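Asks: Listed here are the chains, written in short residue letters.
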Amino acid sequence: MAKITIDNKQFECRDGISVLQAALDAGKNIPHYCYHPGLSVVASCRLCLMEMQMPHPKTQEMGWAPKLFPSCQTPVKEGMIVRFDSDAVRDNQKSCMEYFLIDHPLDCPVCDQAGECHLQDYSYEFGSSESRMVEQKHVTPKKDIGPKTLLYSDRCVMCTRCVRFTQEVSGTHELCVTNRGSRNEIDVFPGLPLDNPMQGNVVDLCPVGCLLDKDFLFKQRVWFLKSADSICPGCSTGCAIRVDQNEETVYRLKPRYNPDVNDWWMCDEGRFGSKYIHDPKRIASPHLRRGLERESANWEDLPEVVRYRFEQHVSLRGGDKVAVVLSPMMACEEAWLLIKFIRGVAPEATIATGFIPTDGEVQHFPAGCDAASAKFTIRPEKCPNRRGVEMIAEQAGGTTCDFDTFVTSAAGGAFSAAWIVGGYPSDWVSKEFGKAAAKFDLLVVQDMFENALTKLASVLLPACAWVERDGSFVNHAGKIQPFERAIRAPDGANRDGQYLFEIAGFEGVYSAERVRATMAMETAAFGEVLEAPLKPAHQH
Amino acid sequence: MSWQTIDRNVSPYAAGSEPVLSEGVREKIRSFFPRYDTKRAVLLPALHMVQDALGHVPYKAMAEIAEVLEIHPSDVLDTLTFYTHFWTHPKGEKVVMACRSISCELTGGREVLDAIKSHLGIGEHETTADGKYSLVTEECLAGCDHGPCMLINEKLHKCVKAADVPKLLDDAKNDRIEVPRSDLFDAPERSNSNQPS
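Here the protein sequences line up with chains A and B, keeping their order. Counted the way the numbering used here counts, the first sequence spans residues 1 to 540. Counted the way the numbering used here counts, the second sequence spans residues 1001 to 1197.
No wet-lab data here; the hints were simulated from the structure. Just to be clear, a hint being listed does not mean it is correct.
[To be verified] Capping the alpha-carbon separation at 30 Å, the derived lysine-lysine pairs in DSBU-like fashion look like this: (1) B:Lys-1167 - B:Lys-1060; (2) B:Lys-1132 - B:Lys-1167; (3) B:Lys-1060 - B:Lys-1039; (4) B:Lys-1091 - A:Lys-137; (5) A:Lys-142 - B:Lys-1060; (6) B:Lys-1091 - B:Lys-1173; (7) A:Lys-226 - A:Lys-214; (8) B:Lys-1173 - B:Lys-1161; (9) A:Lys-479 - A:Lys-375; (10) A:Lys-254 - A:Lys-142; (11) A:Lys-142 - B:Lys-1094; (12) A:Lys-214 - B:Lys-1060; (13) A:Lys-9 - A:Lys-28; (14) B:Lys-1028 - A:Lys-137; (15) A:Lys-455 - A:Lys-281; (16) B:Lys-1132 - B:Lys-1091; (17) B:Lys-1060 - B:Lys-1094; (18) A:Lys-375 - B:Lys-1173; (19) A:Lys-375 - A:Lys-148; (20) A:Lys-226 - A:Lys-275; (21) A:Lys-148 - B:Lys-1060.
[Unchecked claim] Computed Cβ-Cβ distance ranges for the label pairs, DEER-style: (22) A:Gln-73 - B:Val-1010: 45 to 55 Å; (23) B:Thr-1128 - A:Gln-136: 24 to 34 Å; (24) A:Gly-181 - B:Asp-1114: 17 to 27 Å; (25) B:Glu-1111 - A:Lys-28: 32 to 42 Å.
All values reported here derive from a predicted model rather than from experimental measurement. Ideal Cβ placement from N, Cα and C applies to all residues, glycine included.
Take these sequences, add in the hints, and give me the full structure.
Replies: Rendered as structure tokens:
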């Protein structure tokens, strides 16, 4: 720990960090564009310049050095005295802002970044209200630099964060700086567009409206968006994300800083892969089968009906004929509630863990590096909570099995009643499983889209997307991460946690946190959830 | 300008078209590898060699250089566009570079530039219809004490008067580059006499 003095106040900070990071950690608002803690330091924007005390070369007396120093490039040192609160620093910030805006088109009304733009914020806080620029602005057309991203060159401040990202984090090197000096532009090599599995991060990194997401382009003004802290369900990495929604429509997902999991990044698959949540084909209400007909049920009667059917089945056929399949798309709390119910009516019931969707190979970044030096990893297990449901099943004890064993024994007629949870974004029911499922007399299916299984269901329950639920996922490394609800379930549906809560025999409103507290009494592990830092290490 | 979009998804050359770098040029580039710690470091010599061989460095050549040096083509583009010396499109036989910096400006550089323009009938960064001359301006030609300066095929002409421009441009002595840049890298190593043997 080093003690340094910033603006006459002493702060303790970690060794080896820059003065800028120390000042930001101390809660100071120091303007900066090129600095990002996840990237190398270039000290090119000159906004974070500070004054520093140095010994006089002759008298060795400490005094303010006559020049300014880039705080992002100056490491902290015991006893260092610096200041940002001075006329020289403020003058520099003001002049820099004037330069940044020399060629800027000031097209905020049509710019997606407006509202979360650091040109706007810094102009307001550190700039001046007018420009002395009378010459013609140097205008450059926008560039379509890839299938998902647009580059508005004229809004660029040349912080080169995006270029450094492709060089240092994704390791794909698509972006470069062309030309020199005032003609600098960010560009790609023509014909080799920005198209890597992590490219969406360059849009987050861009402090201004230069790099924009085609998916979000002109969809929503950012000040209308409300955010919820969530966890990406795309793979078993479990990146901390933010869900931005307005009026129950999710417009975009952004990564949240979590040094234990994803640092500042997320992959495109997670970012753009959840369009299914607003698919009109989703199952949105509960259905009961009476004879051959399927009719819609109401949520009030449902817990009683389901419980009655299971109890009747157990009394006729025995509890060991009952099985429950826990989907790795479920939250831990929901899995726990479902087990609570099933073991309540049939203590001998088999608990199977559900189908694990996999796709491709594990991908480490920077591209081509190994697991040890990876800065980011996309995992082939395309579900968020395999570890979680396995933990819950293990803790519940009794007969447990994996999905393949379940399918084989179901095909052999081992079970006559089953509660099968799906919730996958795409059709997951294999032919063999569809055939095996036809043997169940009582089949409760909890799924998001119609498939071979839902057609057979005696009770069909709508599964909600993770943004409509709250709970926790356990990632590949065994970290338990809670996620919030961002939007309401579609009309007619009810969030899984709520109806499972009622079916399990509880009364009132489901709260993942309270259920987790109850779970923690049984398994201490559930008391130790991993929350991403409340205050991000970096504002933008 | 945001209503105009440059599409960067399309390649400027056809896929599978003939390579533009001859085996000789590639071999010469490779022969520089032992001089540096990394292959990337050979980028500048390679660009000079290619420009000498082809007259300019087209996109296809950049991609081929990248392949030889095992870097991404965007890294080649990055370095190449930093230097005004390198051309991405064909240039004329004689490249005329006029200084646009302050010392030459004060001593009449503007008149010299205007004289070149009117004599050749082209503007800055243009090439005459017959492909003989290309005109560019440069920031400084390092001859400030003898301004105004201009380069014709990399040969420095000092204290140029506007009236002399037609003669200098037509001068057959300026027809070829005397020492190609890529040859400069082949200069024999200077022996250090101070070093104890």
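Asks: State for each hint whether it applies.
Replies: Structure-based check of all given hints:
1. B:Lys-1167 - B:Lys-1060: At roughly 37 Å apart (the allowed maximum being 30 Å), B:Lys-1060 and B:Lys-1167 break the hint.
2. B:Lys-1132 - B:Lys-1167: holds (15 Å)
3. B:Lys-1060 - B:Lys-1039: holds (19 Å)
4. B:Lys-1091 - A:Lys-137: holds (29 Å)
5. A:Lys-142 - B:Lys-1060: Holds: A:Lys-142 and B:Lys-1060 sit about 23 Å apart, inside 30 Å.
6. B:Lys-1091 - B:Lys-1173: Holds, because 19 Å separates the two Cα atoms, which is no more than 30 Å.
7. A:Lys-226 - A:Lys-214: holds (20 Å)
8. B:Lys-1173 - B:Lys-1161: At roughly 18 Å apart (the allowed maximum being 30 Å), B:Lys-1161 and B:Lys-1173 satisfy the hint.
9. A:Lys-479 - A:Lys-375: holds (18 Å)
10. A:Lys-254 - A:Lys-142: holds (24 Å)
11. A:Lys-142 - B:Lys-1094: violated (34 Å)
12. A:Lys-214 - B:Lys-1060: holds (29 Å)
13. A:Lys-9 - A:Lys-28: Holds - the C-alpha atoms of A:Lys-28 and A:Lys-9 are around 12 Å apart, at most 30 Å.
14. B:Lys-1028 - A:Lys-137: Measuring from Cα to Cα gives roughly 44 Å; hence the hint is violated.
15. A:Lys-455 - A:Lys-281: Within the cut-off at roughly 15 Å; holds.
16. B:Lys-1132 - B:Lys-1091: Within the cut-off at roughly 9 Å; holds.
17. B:Lys-1060 - B:Lys-1094: Holds, at roughly 24 Å.
18. A:Lys-375 - B:Lys-1173: violated (58 Å)
19. A:Lys-375 - A:Lys-148: With a Cα-Cα distance of about 22 Å, the restraint between A:Lys-375 and A:Lys-148 holds, given a limit of 30 Å.
20. A:Lys-226 - A:Lys-275: Cα-Cα ~18 Å, so holds.
21. A:Lys-148 - B:Lys-1060: The hint holds at about 25 Å.
22. A:Gln-73 - B:Val-1010: 45 to 55 Å: With a Cβ separation near 39 Å, A:Gln-73 and B:Val-1010 fall outside 45 to 55 Å, so the hint is violated.
23. B:Thr-1128 - A:Gln-136: 24 to 34 Å: holds (28 Å)
24. A:Gly-181 - B:Asp-1114: 17 to 27 Å: Holds, since A:Gly-181 and B:Asp-1114 (Cβ atoms, about 25 Å apart) stay within the stated range.
25. B:Glu-1111 - A:Lys-28: 32 to 42 Å: The hinted range 32 to 42 Å is violated for B:Glu-1111 and A:Lys-28, with Cβ atoms some 54 Å apart.
Comparing the model with each numbered hint stated earlier shows that hints 1, 11, 14, 18, 22, 25 do not hold.
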